[in-house]
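Chemist: Protein sequences appear in the order of chains A and B. Here the first sequence is numbered in this note's numbering, starting from 1 and rising by one per residue. Here the second sequence is numbered in this note's numbering, starting from 1 and rising by one per residue.
Because the hints were derived from the structure by calculation, they are not lab data. Hints are not guaranteed to be accurate.
[To be verified] Quick list of in silico lysine-lysine cross-link-like pairs, DSS-like style, CA-CA up to 25 Å:
no., chain 1, residue 1, chain 2, residue 2
1, B, Lys196, A, Lys128
2, A, Lys214, B, Lys183
3, A, Lys77, B, Lys196
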Amino acid sequence: MNSNLRITAIYLLLVASVAFWVFRHYQDLKNAHLDLSKASQEAAIQSANNTYKLLADTIFTEIIGKDRVLSLLREVKHSRGNEQNIKRGLLYRELAPVYIRLRENHLRQLHFHFPDGRSLLRMHAPAKSGDSLLGIRTSVEIANTELREVHSYESGRVFHGFRHVYPIIHNGEHLGSVEISTSFFHLLEELQDLSIANRTSLQFILYKPEFWHKLFPELHPFYQQSRLHPNYVRERADLISRQCRDKFTSLPLLENIKNKLLQQVDLQTKLDQKQSCSFSVNYNHTTYSVIFHSIKNTLGEHAAYIVGITPEPLIAGLRKNAILRFSLFTLLLTAFYILWLRYSALQVKQNQHAAFLQNISDNMGIGLYTADRKGYVTYANSAALNMLETSKDEILGQNAHKLFHAHPENPDRCLCDKVLEEKITLHSNRQIFTTSHARHFPVEIVCSPIFSHNRVTGTTTVFQDITERLEQEEEINKAHEELRKMALQDGLTGILNRRGIDQHMEKIWRNALRRKQPLSLLMIDIDHFKLYNDHYGHQQGDRCLERVAKALELACKRPEDLVARYGGEEFIALLPDTDLYSSKHVAKRMLSMVAELKLKHSTSPVSGLVTVSIGCCCTIPDAEKTFEELVICADRNLYSAKESGRNRVCTSDFTRSDSQER
Amino acid sequence: MKKACVIFICLASFLVSGAAFSARNPPLRFAPQALMSQQHMIKKYSALCTALSKICDQEVELVYERDYADIIKGISENSIDFALLGPLPFVSASEDNSNIFPLARILDESGRPDYTCALVNFGDKNPLENKNPVKIALTQPYSTCGYLMTESLLDRYGISLEQLDYEYAGTHENAALSVVTEKADLAGVKTNIAHKYSNLGLNILSESEFLPGFVLVGNAETVSTEKLKQISNALLSTKAESVSDNAEDSGFNYKMIPFDAQDYNIIRYMLKQYPVPDISL
């Protein structure tokens, strides 16, 4: 979940970064284009200005410079009162025809000044003269004090525009100055023709603090507040000529663009800086550049703006391109994001699965480790670490064979090597592992190959410490042996009981049958043992049985000879590979060894001591004989021994079916 | 079907009400005096136009006509609802059109209810004394200071315009500058214009007696008499400041006085004495 949040945050950050980068790139390109447009328009403004400057130069040289005009100017300067008025009228008369023609060619003002800065004659407003322009018209002051030409924008009491002021000096006399200025709207017309192939709409807004105090108060109504900034005004659309109005001011499109422009947050700030600046505005599916060209007055101070509004299909193209790029990048990022989310979800599942397996692995109580093809351990579970008394740091990356997997039965070949070779799972319950403390312990292991793309990349070995199991097995075996012995032994005498002799009988019989060897069987019975018991008691009887059994056992010298208690006071001896003669000899030894016990039996009619009767039978087993027949034979001979007086051996060869008495 | 009828009725109501609304609010048209440029006219009379709109509670638009004759014709053809007429055009139009309803007299910029006309020349030489033929510039036939008063002033010298070479320059300024530029030897203009151009050597040869000032009139054919009376009363009781947020900036600095028909008898008298050719009476 945290991972997803982090990835989502990174995704959003990347999208934001892409947006920022694309926007910045678009802004850079747009600004570069706007700068180009601005430079182009400024060049056009300069060019238009130069055109009118050339016109002004020509007027000054060719018209003002005429002797007649200069002479009249001198007369106006030197006359007073009505005479001066008449001279001024004559000057007006002289220049009026030319002025009318110049008006038709976009000249707006032809204004003469006295050397002291007073207005001498305004050809455009001839009724107004004599007013001082000092403090209002810097250009006039400069021309008359520094006696140099001034060419710049300047506001005035009536008109504002690009002015060309020339000092008039004739025959060394300073007669004053003359201003030749052009109609601003004509300048705009020239600009349109020059620069912008009529695609650009131009407007002129004036910086109010710069000119408002100069303006004749009765002309204030000719201006209206600009909607763009409180410090700017423009000429009222309804008070300027229809021609100008139609071209520059009243287009609804421009007003709508201005409305859009007003939504630009930095408009006021930039205009406050009084520098040239540019904006782009989207209106009616078209992008427009709005470029404010700062117009400086004679003193180099900001005085007005020429505002150029131009449709800019290139910027619209840049914007579309930026949107497209942003969309593509976002799409790409989104695709990566979705893929990552899916991968992340998969990884979470895998981790959960791995954790599940790890949990199982750690808690299953069986050691598990994996190794690569070279036998280096790549993983070991907790049980494995516990059994090997080691840690992950000590085991991971180590060679399992060298570290803990000793296999002394075949030191050169590990079970895991075979697994890698044969690509099969192998099992062994007799492997030896070594702990980090050099303690060996037996393990049962199952080693399986790890497949990756049908290639064996290593092995997985599951092992279990079987030390306890082996110990338990040994104990069980011992117990079994004990039980087996107990089942086959007589509890009183310690020799085989009847079940024990039965168990051996079959085997001994088959051996004799296979080897064609003689087999002798002795049936032994303590004589009058009932009387002994009655006389000496059962405890004494039991001791008698023990001692007789011991004596019988001692009488059989060979380990393969078996003596067993057959029941009550009856014993049986089975003597493999013993012929009748030898068995008779053993039987007699039994009689003598019992006699040597010298166990008193006062109630015995045979002797005052305990004696035994023995029936002996010998045979070489074959397919037609059975062990039971041998037993019956021995038992019959015992009966014969008893019948014939007891304390004796009665023998017979089973093959001949006769018996001999001692 | 029912739904369609409802929609049709709503649509029809909307169209009828829209038509009624537009019929109820056609803009009234105000033509101030013609002897000035359109810019000057707009500047000077925008505030008065606004005042009329407020009083009428209806939009009033300025109409620029270069010639008094066109204004008088516009009134008679009901294409003009209000006009500002000089004394001669007022008297002349009133003779022809009984629907011209005088609302008030307007005082000039200096606050005077009357004015004079002047005969001007250039410099200190009187062309009437030694020049022949004499060229004379007039404003317009319907201008009081045009043919009528110039003829009256020339009469003092025992000369009639019919003996001279006269031309209409269109405006007082043009007539005055015609003399400065030697297009004419004399001009008949308002005296304040003559003073204004004295800095160019314009000289007043003769000045008329005082004449009644300009009259704001309404067209009783297009605006009801009752309404016109209301307008007249409102204008006469209204101070300049109250009809404009900034009287100085708006140019509305005229004062109004009640109209008195008697004041214009002098024009009627002079018209009889000096008939003006090219105007209808």
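Chemist: For each hint, tell me whether it holds in the structure or not.
Modeler: Right, here's what the structure says about each hint:
1. Straight-line distance between C-alpha atoms of lysine 196 of chain B and lysine 128 of chain A comes to about 8 Å, which keeps the hinted pair within the 25 Å bound.
2. Proximity of lysine 214 of chain A to lysine 183 of chain B is assessed by CA-CA distance (about 35 Å); at most 25 Å being required, the pair is judged violated.
3. A hinted pair counts as satisfied when its Cα atoms are at most 25 Å apart, and lysine 77 of chain A with lysine 196 of chain B qualifies at roughly 20 Å.
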